[in-house]
Amino acid sequence: MTDIPSDTRTAAPSTGEEGAAPRARAGAPLADPAAERRRARRSRRYRWDMKWSPYALIAPFFLFFIAFGLFPLLYTGWASLHRVELGTPTDMEWVGLRNFSRLLEDEFFWNALRNTFTIGLISTVPQLLMALGLAHLLHYRLRGSMFFRVAILTPYATSVAAATLVFVLMFSRTDHGMINWALGLVGVDAVDWQNGDWTAQIAVSSIVIWRWTGYNALIYLAAMQAIPNDLYESAALDGASRWQQFRHVTIPSLRPTILFTCVVSTIGATQLFGEPLLFSQGASPTGGSDHQFQTLGLYLYEQGWFNQHLGRSSAIAWTMFLILVLIGLLNWAISRWIRRSA
Amino acid sequence: MRYRTRTSRTAVVLAAATALAAGLLAGCAEDSDEPGGSSGGGGDGGGGKGRTTLTVGVFGAFGLQEAGLYEEYEKLNPDIDIKQNSVQRNENYWPALLTHLSSGSGLSDIQAVEVGNIAELTGTHSGKLMDLGKTQGVDKGAYLDWKWQQGTTDDGKTIALGTDIGPTGICYRKDLFKKAGLPTDREAVGKLWAGDWNKYLEAGKRFKEKAPEGTAFVDGATGVMAAVHGSGKEKFYDAEGELIYKDSAGVKAGWDLAAEFAESGLTAKLQQFQPSWDQAFSNASFATVTCPPWMLGYIKDKAGDKGEDQWDVAAAPKPSNWGGSFLTVPEAGKNKEEAAKLVAWLTAPKQQAKLFDKRASFPSAEAAYDLPEVKDAKNPYFGDAPVGQIFAKAAEGVPVQPIGPKDGIISQYLADTGMLGVDQKGTSPDKAWDKAMKTIDNALDQ
Numbered sequence: 001m002t003d004i005p006s007d008t009r010t011a012a013p014s015t016g017e018e019g020a021a022p023r024a025r026a027g028a029p030l031a032d033p034a035a036e037r038r039r040a041r042r043s044r045r046y047r048w049d050m051k052w053s054p055y056a057l058i059a060p061f062f063l064f065f066i067a068f069g070l071f072p073l074l075y076t077g078w079a080s081l082h083r084v085e086l087g088t089p090t091d092m093e094w095v096g097l098r099n100f101s102r103l104l105e106d107e108f109f110w111n112a113l114r115n116t117f118t119i120g121l122i123s124t125v126p127q128l129l130m131a132l133g134l135a136h137l138l139h140y141r142l143r144g145s146m147f148f149r150v151a152i153l154t155p156y157a158t159s160v161a162a163a164t165l166v167f168v169l170m171f172s173r174t175d176h177g178m179i180n181w182a183l184g185l186v187g188v189d190a191v192d193w194q195n196g197d198w199t200a201q202i203a204v205s206s207i208v209i210w211r212w213t214g215y216n217a218l219i220y221l222a223a224m225q226a227i228p229n230d231l232y233e234s235a236a237l238d239g240a241s242r243w244q245q246f247r248h249v250t251i252p253s254l255r256p257t258i259l260f261t262c263v264v265s266t267i268g269a270t271q272l273f274g275e276p277l278l279f280s281q282g283a284s285p286t287g288g289s290d291h292q293f294q295t296l297g298l299y300l301y302e303q304g305w306f307n308q309h310l311g312r313s314s315a316i317a318w319t320m321f322l323i324l325v326l327i328g329l330l331n332w333a334i335s336r337w338i339r340r341s342a
Numbered sequence: 001m002r003y004r005t006r007t008s009r010t011a012v013v014l015a016a017a018t019a020l021a022a023g024l025l026a027g028c029a030e031d032s033d034e035p036g037g038s039s040g041g042g043g044d045g046g047g048g049k050g051r052t053t054l055t056v057g058v059f060g061a062f063g064l065q066e067a068g069l070y071e072e073y074e075k076l077n078p079d080i081d082i083k084q085n086s087v088q089r090n091e092n093y094w095p096a097l098l099t100h101l102s103s104g105s106g107l108s109d110i111q112a113v114e115v116g117n118i119a120e121l122t123g124t125h126s127g128k129l130m131d132l133g134k135t136q137g138v139d140k141g142a143y144l145d146w147k148w149q150q151g152t153t154d155d156g157k158t159i160a161l162g163t164d165i166g167p168t169g170i171c172y173r174k175d176l177f178k179k180a181g182l183p184t185d186r187e188a189v190g191k192l193w194a195g196d197w198n199k200y201l202e203a204g205k206r207f208k209e210k211a212p213e214g215t216a217f218v219d220g221a222t223g224v225m226a227a228v229h230g231s232g233k234e235k236f237y238d239a240e241g242e243l244i245y246k247d248s249a250g251v252k253a254g255w256d257l258a259a260e261f262a263e264s265g266l267t268a269k270l271q272q273f274q275p276s277w278d279q280a281f282s283n284a285s286f287a288t289v290t291c292p293p294w295m296l297g298y299i300k301d302k303a304g305d306k307g308e309d310q311w312d313v314a315a316a317p318k319p320s321n322w323g324g325s326f327l328t329v330p331e332a333g334k335n336k337e338e339a340a341k342l343v344a345w346l347t348a349p350k351q352q353a354k355l356f357d358k359r360a361s362f363p364s365a366e367a368a369y370d371l372p373e374v375k376d377a378k379n380p381y382f383g384d385a386p387v388g389q390i391f392a393k394a395a396e397g398v399p400v401q402p403i404g405p406k407d408g409i410i411s412q413y414l415a416d417t418g419m420l421g422v423d424q425k426g427t428s429p430d431k432a433w434d435k436a437m438k439t440i441d442n443a444l445d446q
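Taken in order, these protein sequences are the chains called X and R.
Quick note on numbering: the first sequence equals residues 1 to 342 in the working numbering.
Quick note on numbering: the second sequence equals residues 1 to 446 in the working numbering.
Please keep in mind that the hints were generated in silico from the structure rather than gathered at the bench.
Just so it is clear, the structure is predicted and the values come from calculations on it, not from any experiment.
Glycine included, C-beta positions come from ideal geometry on N, C-alpha and C.
Check the hints yourself; a few may be wrong.
Unchecked claim - Some chain X residues near chain R, calculated using beta-carbon distances under 7 angstroms:
1) T88
2) N195
3) T199
As the list claims (entries may be wrong) - Taking CB as the label site, the calculated pair distances span:
4) X:L70 with R:N283: 52 to 58 angstroms
5) X:L153 with R:N92: 26 to 32 angstroms
6) X:Q244 with R:A96: 25 to 31 angstroms
7) X:L104 with R:G265: 49 to 55 angstroms
8) X:L137 with R:G304: 43 to 49 angstroms
9) R:D131 with X:L330: 56 to 62 angstroms
10) R:N85 with X:L70: 39 to 45 angstroms
For reference, chain X alone in the conformation it holds in the complex (with noise of 0.2 angstroms):
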């Protein structure tokens, strides 16, 4: 690393004296064919700095992406043609895509499947519609607005370990826990959150929206900042209330960074994994005693580090890639067609 600044160093100034003075002395008379032969050769090595140095400077994130990222996607992809156990990695016997073919027969995997879809919507839908409003509040003129949107923020900074562990007293099942007392204060029976295939689901939902409604409003008061003032000031002069402008300026304008909310959220809400884990209690990846919270990041869990079926977890893996692909075509298909009408 050290490397690149002083190359950069010693090329640039000097080709910078070099390079550009001889136009400014064009009247001068030519020195000899060695001064001249230098000056071709320095304009040359100034041309291939310009040319490498790029290469060079980005080369360490595109290495650890090979490492990190591209190996280990390559290697799932690998070892999910295979039947191989956590234990004895190397010890591979080749399957083909039994791994594949065996999911659309494991009940499991299509109830983590669904468990995924249902908690995703709960948790994407609210979050997002809530983020709106608040982005919207908060874009006002209020007083302390910066402490607001700091304040706001600090849902995403708190860790998913430390939010969970509250969130699983608050949701105790005993009359201790607090939203269980608090239904009690208008008469309602305690709920079971986690054993109920609904209510856990719910739970779990909750913690999602608490983390990321604060983040997802400050993406959409951004955007919300960067909308003319012209808008809203002609939109009033026609008359048109808050709600109105909210309607009709807005959302409209907004209608990129929703879209770019939604896939973000989504491929969040497939991957979704610490909160459903640690909801259970005793961190188990069964997603409670009848896999009523199981997501397929937890199924995917389950499978390579708790029965260390490395080639199903990893076919589960590349599912799971397969789909985000998918929902990101469609991103794209909609964006479009969104575009074309507008």
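Let chain X serve as the given structure and place chain R on it in line with the hints.
Using the frame of chain X, we list chain R on its own:
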């Protein structure tokens, strides 16, 4: 020619970047074994001469360090430093150990192994571990025979030496027993259910009739199930090493009894080692719990001063074993010989007795039972119960069960996706059984 200088320069830059990346990689992959940070300092790292640093990989609060055994060994061997790497949960420790063993890197000089995983180690990874049976100072006769066998492969290679075992008793609350009209003396309580787990259930039903408001007889159904499973002749594997979890009589007996506990409302519906379980100890929400020696310390921690002299320990209906560990020395280690010596010392009867005295980990070396630390041990928190004698008696009655490579996984799924549902959700036992069997089949690729 000029081009080449330029190219080679670029190459140097690239090489430097690669070297940096490689350096970082190596930094991530391997824990440094240099004794730089450890006390004493000076001298080279782990070579033949000078100071040697031995690393010990353990899970949870293993107790060796806490009992001061490392310190003592360092005093006896001035050129040895001992460093411990601890991972909190065995569920995380074990897969990491497996991957490290298969790659031959990232290993500590000594690695601890939990009893639920030992059969997988002797079955598939014995080639990567040292034969400790021949180490100087190791006396096979000092150990309980079944414990010694668990760490030995079929062809007689002893790759793991036992540290502690977990012979169980039943811990009970005298105050709750008194209020429910049951005897409180530990002899009388033991007689209440001696020899038969069904008598334990009967005692529970008697307890329930007059039990104080808001208290249950046991903590949860999964604990009962595990205790019964540990006391049978067979569990998940038969003597030939075949999987029999579906129709083993011992497994079914444990399941049925635990389900009856749940359905009779004798449980506090708790999952063990969870915050709510800890809380229940301090709130005195349940009256009995299956109790290996290490549980005594746990209860004392969680029940606190309020529980002083309220708890006592009696013999279990049938002796069973819950937990226990082993120490191994990987072949890929840098200081194998020194490590083997340390393992031999740590697992010798005298040190095991000290561990029991300080940390209540019960010795797996039978020879330790006659040492005063064990024989005369009394636990003041538990009404001066003669714990050494109670558990030594239980240890001698522990059945020799065949254990297999997937014991840990099967028992966890049987509890987490099976009995827990019966206990907490009220799922019918038959339905929960089917569900657990499906999960286990899927996990074992059956």
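Cross-check of the supplied hints:
1. T88: Hint holds; T88 of chain X Cβ to chain R Cβ min 6 angstroms, cut 7 angstroms.
2. N195: holds (5 angstroms)
3. T199: violated (12 angstroms)
4. X:L70 with R:N283: 52 to 58 angstroms: holds (54 angstroms)
5. X:L153 with R:N92: 26 to 32 angstroms: holds (30 angstroms)
6. X:Q244 with R:A96: 25 to 31 angstroms: The hinted range 25 to 31 angstroms is violated for Q244 of chain X and A96 of chain R, with Cβ atoms some 59 angstroms apart.
7. X:L104 with R:G265: 49 to 55 angstroms: At roughly 42 angstroms between Cβ atoms, G265 of chain R and L104 of chain X fall outside 49 to 55 angstroms, so the hint is violated.
8. X:L137 with R:G304: 43 to 49 angstroms: holds (47 angstroms)
9. R:D131 with X:L330: 56 to 62 angstroms: Given a distance of about 59 angstroms, which is inside 56 to 62 angstroms, the answer is holds.
10. R:N85 with X:L70: 39 to 45 angstroms: violated (31 angstroms)
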